[in-house]
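Asks: Modelling step: build the complete structure from the supplied sequences, incorporating the hints.
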Amino acid sequence: MVIAAVEMAEEIILLDFWPSMFGMKVRIALTEKGLKYERREENLLNKSPLLLEMNPIHKKVPVLIHNGKPICESQIIVQYIDEVWKDKSPLLPSDPYERAKARFWADYIDKKVWERLHLLGGKLWRTKGEEQEAGKKEYIEYLKLLEEELGDKPYFGGENFGFVDLTLMPYFSWLHVFEIATKFSIEVECPKLITWSKRCMERESVSTSLPDHQKLYGFFLQLKKWHGIE
Amino acid sequence: MAEEEVKLFGTWASPVSRRIEVALKLKGVQYEYIEEDLTNKSPALLNYNPVNKQIPVLVHNGKPVAESLVIIEYIDETWKHNPILPADPYERAMARFWAKYIDEKFWPAAMKIVVAKGEEQKGEIDEIQQQMKNLEGELKEKKFFGGESLGFLDIAANIIIWLVVAQEALGMDQILNEEKLPVLYGWLQRLLDDAVIKECVPPKDRHLDLCKVKFGSSIASK
Numbered sequence: 001m002v003i004a005a006v007e008m009a010e011e012i013i014l015l016d017f018w019p020s021m022f023g024m025k026v027r028i029a030l031t032e033k034g035l036k037y038e039r040r041e042e043n044l045l046n047k048s049p050l051l052l053e054m055n056p057i058h059k060k061v062p063v064l065i066h067n068g069k070p071i072c073e074s075q076i077i078v079q080y081i082d083e084v085w086k087d088k089s090p091l092l093p094s095d096p097y098e099r100a101k102a103r104f105w106a107d108y109i110d111k112k113v114w115e116r117l118h119l120l121g122g123k124l125w126r127t128k129g130e131e132q133e134a135g136k137k138e139y140i141e142y143l144k145l146l147e148e149e150l151g152d153k154p155y156f157g158g159e160n161f162g163f164v165d166l167t168l169m170p171y172f173s174w175l176h177v178f179e180i181a182t183k184f185s186i187e188v189e190c191p192k193l194i195t196w197s198k199r200c201m202e203r204e205s206v207s208t209s210l211p212d213h214q215k216l217y218g219f220f221l222q223l224k225k226w227h228g229i230e
Numbered sequence: 001m002a003e004e005e006v007k008l009f010g011t012w013a014s015p016v017s018r019r020i021e022v023a024l025k026l027k028g029v030q031y032e033y034i035e036e037d038l039t040n041k042s043p044a045l046l047n048y049n050p051v052n053k054q055i056p057v058l059v060h061n062g063k064p065v066a067e068s069l070v071i072i073e074y075i076d077e078t079w080k081h082n083p084i085l086p087a088d089p090y091e092r093a094m095a096r097f098w099a100k101y102i103d104e105k106f107w108p109a110a111m112k113i114v115v116a117k118g119e120e121q122k123g124e125i126d127e128i129q130q131q132m133k134n135l136e137g138e139l140k141e142k143k144f145f146g147g148e149s150l151g152f153l154d155i156a157a158n159i160i161i162w163l164v165v166a167q168e169a170l171g172m173d174q175i176l177n178e179e180k181l182p183v184l185y186g187w188l189q190r191l192l193d194d195a196v197i198k199e200c201v202p203p204k205d206r207h208l209d210l211c212k213v214k215f216g217s218s219i220a221s222k
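Protein sequence lines, in the order shown, are assigned to chains A and B. The numbers in our numbering rise by one with no breaks, and the one at position 123 of the first sequence is 123. The numbers in our numbering rise by one with no breaks, and the one at position 151 of the second sequence is 151.
Hint data in this document are derived by calculation from the structure and do not stem from the laboratory. Please read these numbers as outputs of a predicted model, since none were measured by experiment. Everything hinted at is true.
Result set (DSSO-like, lysine-lysine): computed pairs, CA atoms no more than 27 Å apart in a straight line:
{"id": "1", "chain 1": "B", "residue 1": "K53", "chain 2": "A", "residue 2": "K111"}
{"id": "2", "chain 1": "A", "residue 1": "K86", "chain 2": "B", "residue 2": "K80"}
{"id": "3", "chain 1": "B", "residue 1": "K100", "chain 2": "B", "residue 2": "K180"}
{"id": "4", "chain 1": "A", "residue 1": "K137", "chain 2": "B", "residue 2": "K53"}
{"id": "5", "chain 1": "A", "residue 1": "K59", "chain 2": "B", "residue 2": "K100"}
{"id": "6", "chain 1": "B", "residue 1": "K142", "chain 2": "B", "residue 2": "K80"}
{"id": "7", "chain 1": "A", "residue 1": "K111", "chain 2": "A", "residue 2": "K60"}
{"id": "8", "chain 1": "B", "residue 1": "K133", "chain 2": "A", "residue 2": "K69"}
{"id": "9", "chain 1": "B", "residue 1": "K63", "chain 2": "A", "residue 2": "K144"}
{"id": "10", "chain 1": "A", "residue 1": "K136", "chain 2": "B", "residue 2": "K53"}
{"id": "11", "chain 1": "B", "residue 1": "K63", "chain 2": "A", "residue 2": "K111"}
{"id": "12", "chain 1": "B", "residue 1": "K41", "chain 2": "A", "residue 2": "K111"}
{"id": "13", "chain 1": "B", "residue 1": "K112", "chain 2": "B", "residue 2": "K122"}
{"id": "14", "chain 1": "B", "residue 1": "K105", "chain 2": "A", "residue 2": "K69"}
{"id": "15", "chain 1": "B", "residue 1": "K143", "chain 2": "B", "residue 2": "K180"}
{"id": "16", "chain 1": "A", "residue 1": "K183", "chain 2": "A", "residue 2": "K198"}
{"id": "17", "chain 1": "B", "residue 1": "K105", "chain 2": "A", "residue 2": "K112"}
{"id": "18", "chain 1": "A", "residue 1": "K111", "chain 2": "A", "residue 2": "K153"}
{"id": "19", "chain 1": "B", "residue 1": "K105", "chain 2": "A", "residue 2": "K60"}
{"id": "20", "chain 1": "A", "residue 1": "K153", "chain 2": "B", "residue 2": "K53"}
{"id": "21", "chain 1": "B", "residue 1": "K142", "chain 2": "B", "residue 2": "K180"}
{"id": "22", "chain 1": "B", "residue 1": "K100", "chain 2": "A", "residue 2": "K60"}
{"id": "23", "chain 1": "B", "residue 1": "K100", "chain 2": "A", "residue 2": "K86"}
{"id": "24", "chain 1": "A", "residue 1": "K33", "chain 2": "B", "residue 2": "K100"}
{"id": "25", "chain 1": "A", "residue 1": "K47", "chain 2": "B", "residue 2": "K133"}
{"id": "26", "chain 1": "A", "residue 1": "K112", "chain 2": "A", "residue 2": "K192"}
{"id": "27", "chain 1": "A", "residue 1": "K69", "chain 2": "A", "residue 2": "K86"}
{"id": "28", "chain 1": "B", "residue 1": "K143", "chain 2": "A", "residue 2": "K69"}
{"id": "29", "chain 1": "A", "residue 1": "K111", "chain 2": "B", "residue 2": "K112"}
{"id": "30", "chain 1": "B", "residue 1": "K112", "chain 2": "A", "residue 2": "K59"}
{"id": "31", "chain 1": "A", "residue 1": "K215", "chain 2": "A", "residue 2": "K36"}
{"id": "32", "chain 1": "A", "residue 1": "K112", "chain 2": "B", "residue 2": "K100"}
{"id": "33", "chain 1": "A", "residue 1": "K69", "chain 2": "B", "residue 2": "K142"}
{"id": "34", "chain 1": "B", "residue 1": "K53", "chain 2": "A", "residue 2": "K144"}
Replies: Structure follows, in structure tokens:
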């Protein structure tokens, strides 16, 4: 008689902040793997003792707490999830070269695209006219590079949704906010990315992990108010 | 075994370039090294890394890999003996976390120290000391971050050697000293004594001269 090993109840807690692009990534990854987890909303102006204990170095979200042990930094969390729950829905390809490419692009997105989006956000608040136009142009350049990388593939990783896709999708929810705010659309410039984003949104993991556009736009308006900008 | 062609595009004084040499040597991989002149980048480099146009770039059988930590993971996954990253996913996450910390927090702070003056410099020194204390927390009683032998984080932390040399070049008191940071200091001595690391640091005199030229103007404030 074979007795199956007793499965230790997995305890997965995600310390999160609903508009956070980095939090969204982790939500998508957990859902892709079909994992049950408890999401705890953090108030970033009044961080919980648990957050400060679990991420004393950066004091930031997201933090994944797996059976009491914290993992920080969204890209690292997603790789951890992929390695622990490796039997289902792999997020990274198995070939080392393809993995290196995925890591490179995810890193690029987190650094360059995030930087640009941040700057763009700032420019949208504080500038108008020519300066704002210049901000948009720069941003489009970065997106075009990503579009080139995507090519005609359904997803960045090829046939399957994966690491790079879940890294970029959260930025698209914020991009949508900026499109409304500045009446600029990337549809003309980056049609393939638009098609790709719609394809990703059809996945339950993505649609349930990204916030409602209206809610996010409302948050953006609130942020503007806090910064004293009309 | 298939013919392996491994090329590394790097520069002699770059810590991120030297990291790749450490990883390749730990794995015993034969490679061709190409020294790049960053003021006049080769067509090959621009072809292999059109996105960032930076070194290091590893080219394995014609296929390029860029970004030093991505390259090290690629090396570890391709040549599986003498593992660089730990096997346990949680330990791997910790190694990646601290390597990222070094690149994104430590290195920018270290760059600031060598150009800052007066109060600003003092602030940066305090910041780095705190960062080093944090790293000590990760090292604990181990010989290296990787345990008995060099691991991912030891390789990433090679940048600390560069800060030490820069401080020496500028006649600054060493931030990483035995009194204030005994645990990390001990680790550094073991690192500098390691046979592979010794082959992968810039020649000391040349490195000191380079630092004096690059950061020399801040000597005036001493």
